[in-house]
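Q: Given the coordinates of chain A, assemble chain B onto it according to the supplied hints.
So you can see what is in the structure, the chains are spelled out below.
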Amino acid sequence: MDAIKTTGLTKKYGRKNALIGVDLTIEPATVFGYLGANGAGKTTTTRILAGLIRPTNGTAVVFGLDAVRDREEMQRRIGYLPGEFVAYRDLTGRNYLTFLANLRGNVDWSIVDDLTGRLGLDLTTRIGDLSHGNRQKLGVVQAFMHQPDLLLLDEPTAGLDPLIQREFLSLVREAANRGQTVFLSSHVLSEVQAVADTIGILHEGHLEVVESVEVLKTQAVRHVDITFLSAPPTDTLRSVAGVKSLEHNAKTVRLTVEGPMAELFQIAAPFGIEQVVSHEPDLEEIFLSYYRGGGDQNVPQPVPQSIA
Amino acid sequence: MFRNLYLKALRDQRKALLGWTAGIIIFIVIEAAIWPSIRDMSAWKDLLAAYPEPMRKLFNLEQFTTGTGFMNAELFSALLPLFFIIFGIGRGARAIAGEEESGTLDVLLVTPLSPGRMLLQQAAALVTGVAVLGAGVYVTLAVSSVLFGLGIGAATLAAATTAMMLLGIEFGFLALAIGAITGRRSLAIGAATTLAVAAYVLYAAGQIVDSVQPWQPLSPFHQALREGPLGGGLSLSFLWMVAAAAAFVLAAIPLFSRRDIAAH
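For the record, the sequence lines run as chains A and B.
The opening residue of the first sequence carries number 1 in my numbering; numbering runs sequentially from there.
The opening residue of the second sequence carries number 309 in my numbering; numbering runs sequentially from there.
Don't take each hint at face value.
[As the list claims (entries may be wrong)] Listed next, the in silico DMTMM-like pairs over lysine to aspartate or glutamate satisfying Cα-Cα at most 25 Å (straight line):
{"hint": "1", "chain 1": "B", "residue 1": "Lys-323", "chain 2": "A", "residue 2": "Asp-90"}
{"hint": "2", "chain 1": "A", "residue 1": "Lys-12", "chain 2": "B", "residue 2": "Glu-409"}
{"hint": "3", "chain 1": "B", "residue 1": "Lys-353", "chain 2": "B", "residue 2": "Glu-339"}
{"hint": "4", "chain 1": "A", "residue 1": "Lys-5", "chain 2": "A", "residue 2": "Glu-174"}
[Claimed, not checked] Some chain A residues judged to face chain B by a derived CB distance under 7 Å, without partners named:
{"hint": "5", "residue": "Leu-52"}
{"hint": "6", "residue": "Ile-53"}
{"hint": "7", "residue": "Tyr-80"}
{"hint": "8", "residue": "Pro-82"}
Simulated from the structure, these hints should not be mistaken for laboratory data.
Keep in mind the model is a prediction, meaning the values are calculated, not measured.
We treat Cβ as the ideally placed atom computed from N, Cα and C, and that holds for glycine.
This is chain A alone, in the form it adopts within the complex (with noise of 0.2 Å):
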């Protein structure tokens, strides 16, 4: 059975379509990244999934329970991490997963312990007190604890710090592991390239691929700047596969290259790199490449004076 399983997901809100006609399919035991920009529909989507909001066409159905008529039983099989978690602010942590662990039954405390203190949480403070990534963290516990059969995890690691960002996608991995399944939306590819099987990427409300991320990180395009120590080699780098354009000054190349960048440093290397800055691909350009192919370039940005 499908653990997730969306057909013609529609939302309109008045006459505004936050999500049109989404079908997605999502084995169990897997982790699905759900990519897309703030305001593409990611949230409107977890929501539906989560039951808190209904489609206006369409059907969501998780573990073969319909979103909207067999909610309280598919509420059951759910973690649900929203995308501004807010919790009560006069209980401490500890007498706030109490109350959730008693109204979902069957929590077993070790695995709250265990989830804490690899997220470094201290439960005895009141919430109101935490920091916004101490906040943060007590959400992704609630989300985890009870080892829901899906995990929908909506922006999970905004204000998290980059040590607990690891350990929290070692814990989606381990989740998955288990056999549990994770929905997890992020407007950040590193982030969700780094720990799910299959990604999606919503534009506008339309589901615009979904592949898996081993397919995605080779057709991904990056803009990389290599500082030379002296003049570069520019017709070299041109020439070399992956390469799509190519923009240079005295010392600094700006290259857009289509999947991986191995034989590109191979080639640069023995010319004496002083300095390398990769960016992160925009969402945008990742789409828009595996639509043309890859074989359209996107309009080359200019070499910013910081790094030239």
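A: Frame of chain A; chain B shown alone:
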């Protein structure tokens, strides 16, 4: 304290409840302490006669000559209903709409707890809170009656306190229901308060203007206050209030269950 939503909701109102109960107790004791000096005032009847007739009717000023009548006029005709209703509306509006606006409702709903049961548990917590207020009124007045010679009987007092509680519960449930249906706390407070004021105006107008009188039974205030409320005993009209309160919550369940929960 965190075993279920009902207990958590009780815990959440403990401070408000403590404050309100303390305030009401102090207020009642002061009123009761005034009574002996009022009773002994010889010119009292002349003073009352000088009031315009509508005032005398609305506040039952003729009753001022007995302890029961004095308490009816001073407490049970306006101030205690006001306290109970404000408490009920405040708690009712906060219960669901307040949680939704603050953003805590999301995680609460993605549990085995259904919207319907959430509404019922919040309603039960509101009734419990109002009952604590009612117990405060009852005990304080029973003790004050002995101390200051008000001469209010236990059964009479129980019935009058019940009337106050029912007013608080009815308008509290109304605010709870509006909040659950709309998800907006200010709207729940505003609409429930407006309806409470309208109900009071209907009741007051019925006391003074004869042509309004036939409509007066529609007002919860009439249903609660018409028998005294001190001295009337348990009135059958109380059942209307119970029915209306239950209807508000029951009507809200399917609407709350079906609507979208606002993202924070």
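Q: Are the hints correct? Go through all of them and say.
A: To see whether the hints hold, each was checked on the structure:
Note on B/Lys-323 and A/Asp-90: the hinted pairing holds, with a Cα-Cα distance of about 12 Å set against a maximum of 25 Å. With a CA separation close to 21 Å, the supplied pair A/Lys-12 and B/Glu-409 stays within the 25 Å bound. Distance check on the hinted pair: B/Lys-353 and B/Glu-339 sit about 19 Å apart at the alpha-carbon level, within 25 Å; holds. A hinted pair counts as satisfied when its Cα atoms are at most 25 Å apart, and A/Lys-5 with A/Glu-174 qualifies at roughly 23 Å.
Given hint, A/Leu-52 at the interface with chain B, holds; its Cβ is 4 Å from that chain's nearest Cβ, closer than 7 Å. Taking 7 Å as the C-beta contact cut-off toward chain B, the hint placing A/Ile-53 at the interface holds, the least distance being around 4 Å. This hint holds: A/Tyr-80 has a C-beta 4 Å from the nearest C-beta of chain B, less than the 7 Å allowed. At a threshold of 7 Å, the smallest CB-CB gap from A/Pro-82 to chain B is about 5 Å, leaving the interface hint in force.
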